[in-house]
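Participant: Chains A and B, in that order, are what the protein sequence lines are. Residues 3 to 411 in this note's numbering are what the first sequence lists, from first letter to last. Residues 21 to 163 in this note's numbering are what the second sequence lists, from first letter to last.
Calculated from the structure, these hints are not laboratory results. The hints are all genuine.
Label-pair ranges, simulated between beta-carbon atoms:
1. V143(B) with Q371(A): 26 to 32 angstroms
2. A376(A) with G43(B): 23 to 29 angstroms
3. S181(A) with I125(B): 53 to 59 angstroms
4. I125(B) with T337(A): 47 to 53 angstroms
5. R113(B) with L332(A): 32 to 38 angstroms
6. V330(A) with W146(B): 18 to 24 angstroms
Chain B regions said to be covered by chain A (calculated; three or more residues, Cβ under 8 angstroms):
7. 53-64
8. 99-112
9. 134-148
10. 151-161
Cβ atoms here follow ideal geometry from the backbone N, Cα and C, with glycine treated the same way.
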Amino acid sequence: MKRVLGVALGVLTAIGGFLDIGDLVTNAVVGSRFGLSLAWVVLVGVVGICLFAQMSGRVAAVSGRATFEIIRERLGPKAGLANLSASFLINLLTLTAEIGGIALALQLASSVSPGLWIPVAAFAVWLVIWRVKFSIMENVTGLVGLCLIVFAVALFLLGPDWSKLAEQAFAPSVPGSESAGAYWYYAVALFGAAMTPYEVFFFSSGAVEEKWTKKDIGQSRINVLVGFPLGGVLSVAIAACATIVLLPRGIEVSSLSQIVLPVAEAGGKLAVAFVIVGIVAATFGAALETTLSSGYTLAQFFGWSWGKFRKPAEAARFHVAMIVCLLVGLAVLATGVDPILVTEYSVVFSAIALPLTYLPILIVANDEQYMGDARNGRVTNAFALVYLVIILVASIAAIPLMILTGAGA
Amino acid sequence: MTRRSKRFDAPLPVLEPAEQYAGQVLDARLHLLDRQVLDRDGVPVQVVDDLELSDVPFGESIPSETPAPVIESILSGPVLGTRIFGGRPPSSRFHRVSWDRIAEIGIAIHLGVAGSTLDVTWVERWVRDRIISRIPGGHHDPE
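If we strip away everything but chain A, and leave its shape as in the complex, we get (with noise of 0.2 angstroms):
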């Protein structure tokens, strides 16, 4: 009964935690725009992250090696400080992106400007980190997170034409109204959204903050299995819902009370409280990976003391460099810079980095000094490597899409 528990629990926060402001962002653009012509790109995405997470969870249970530690030791110095770099800097967007997003939501809540939440969202991620357990904070915000499903229920009450939403989801075509170059960076912005990188050093870190063995990998494959498809169902609520009430009406998505305007109409006050909560847990619990992710990777790159697991006085330079990056995410933010731009950057720079942390992973997930007899099987390696072209394709049209589109405008 335990253990049923255990496995219910693990599935539900995955869910909640799923969805970061990343994904709730481009969703709502991508479905206000584009209609669901692009979920596909949300399925390819969520089999990517299935895949990746689960081998890199793997290789962090078996071998006890997180993932920046085996980056620099396969890639040497060179590379695995270019490496470093790329990701460390993406990762430090993302959670500018995760903090502003925080604030902006609670400025729906109470009408305060967002300028005066920031330091306050950046303090409470801060104090988490500092004094609460790895397991109550991923639980809590993710369990809290699951509030989101109401973008799910919205979808229900508003009563769509179910055949014309399948059809456009089932047979995408470039909208009339937009150009194949829009469409083609909002499927890379999308992809980027899904698997966004941080995820990645997050599992494989928290696979060692939570002592997993060999033997929690059946369960962790499941929490993955389960719960990323179905947070990925909810990413596809929120863009079908943003296709029936802002696309008709030529809405744009600037700004989050856009993306909760369709369940407000659906389901009036109740529902909007839900929704904020809902995006204010899944921003919260988003901004404290992209936190632990920054120090993680710093700390596992220099070789320095690391953890939730350890006082903070055991692991002093890793809490320090969290702090550095808190700081410099609030002074981002403070120079006034839209959150919603911010997103929109964080989650194409997240698809350009793919490749270096994907590689790396893959690698050592066949190698038998690390992997022993858990070693990836020919099903996965298969899968893997049809990732490793979709992955490099898309980072690689990336920023000429950027460039020649004008970031999608």
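Please arrange chain B on chain A, whose structure you already have, making use of the hints.
Facilitator: For chain B alone, kept in the frame of chain A given last:
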């Protein structure tokens, strides 16, 4: 080795180790450099930045029967820049952990001593004493 890998691994050219050195053969680049070093309690200490070998006389002919150089210590120092751009930091900038402190070499290098007794952890201790200890709650377990 499992059966599967036997079938898939192409035969590798085998470097025969000298007869008198029985046991594990380590490749410095593959098994030592850039590996994580853990102390006896499993706490990360450093990453192996470089290795120091016993002196080999330079520019002189080496008489036969001279014993081969051995690794004296693993080093940690500001090598990241020099390994990328070339050059070498002066020897005084390195922290050394003597080779006889090493208990086990696997996918991480395990030391037989506590990390806090080593010079190489001074930055960690400085940050702990000067910054982290002064923030309330720094010495508590997360709850």
